[in-house]
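With chain W held as given, fit chain A onto it using these hints.
Read top to bottom, the protein sequences are chains W and A. Using the numbering used here, the first residue of the first sequence is number 293, and each one after it goes up by one. Using the numbering used here, the first residue of the second sequence is number 457, and each one after it goes up by one.
It is worth saying that the hints were derived from the structure and are not from the lab. Model, not experiment: these values are computed from the prediction. A few of these clues could be false.
Quick look at which bits of chain W chain A covers, simulated, 3 or more residues with Cβ under 8 Å [unchecked claim]: (1) 295-301; (2) 306-314; (3) 317-328.
Using N, Cα and C, we set each Cβ at its ideal position, and we do this for glycine too.
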Amino acid sequence: MEPAAEFVHWMFATGFVLLGVCLLAQAVVGDEVWRRRPWRAYLWPGLIFLMGLLMWPVMVFYTNSTVHMLAHGSWAQVMMLAGGAELGLVRGKLHNRYWRLAWPLAFLVSGSAILIHEQNGWLFARAAFLHHLIGWTMVVCAIFPLAAVFRPRSTVFRTGFALTFVVLGVLLYCDRDVAPIFGHLSSQAGTPHR
Amino acid sequence: MSTQLVSEHAAVRRRTARALTIAALGPAMMLAGVVWAFVQPYRITLLHPHGQGFWWLVIEPPLLVIAAGVVFAFLVAPGVIEDLEEENER
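Next up, chain W with everything else stripped away, as it sits in the complex (with noise of 0.2 Å):
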């Protein structure tokens, strides 16, 4: 009854793509607008809280590899900081704004443990070549928030954020067990299913 690892994917890249799309209508709107609702004002960093929570049962149950369970846990743990940091300072108990740094944080760190736990080459498949880019997308993209920390109003920047997380759940989608990548798929990388 455990899902495959790919529907995993899909179901945090559905996630992550909610989490986009509000955070650009915030964007959009301005922090004053998007905050007049106060469960709004909770919704995607409690979301993104919530992914970092259900990250834990991923890390507990996909135990393929040690080097694995280790990346599972170092995304829990950022999703939860960055969404808990996010919420303290929506509540009003956080008051530093040097508190939103947990997310370039938790962009480097997750951009680092993807990369560091695919131990094969881009064309080796299809998830070889999505763990990298997924990887240097984050790492690359943590210059949104990062900017975003010293511009909170800037479109631009918070614009990129948001895109970051609408193409990160883009890629998740495109997630496909063993699948060949441009027409390569490497002798050793097993049977492809779909």
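Below, chain A alone, put in the same frame as chain W:
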């Protein structure tokens, strides 16, 4: 036309554009899901459900994108647009 009227018109246009953007986000996601379903129909397991397991029938990416669009369009966007219009009237 006075410069005050010109700037007021520009502000109204900007506000309307923001409301339109928010209103378009959900339908755009739904449309993306529908287009994806046509481009890769084999990812909609419901079209060939025989012999498929639980997860293959429940987790279907194009349908998840459509569902995310529905959630945003019906649960989030209306309130945001309402609050945006309220802000504009002030």
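Quick rundown of the hints versus the structure:
no.	hint	in the structure
1	295-301	holds (count 3)
2	306-314	holds (count 5)
3	317-328	holds (count 7)
Every hint from the earlier list agrees with this structure, and none is contradicted.
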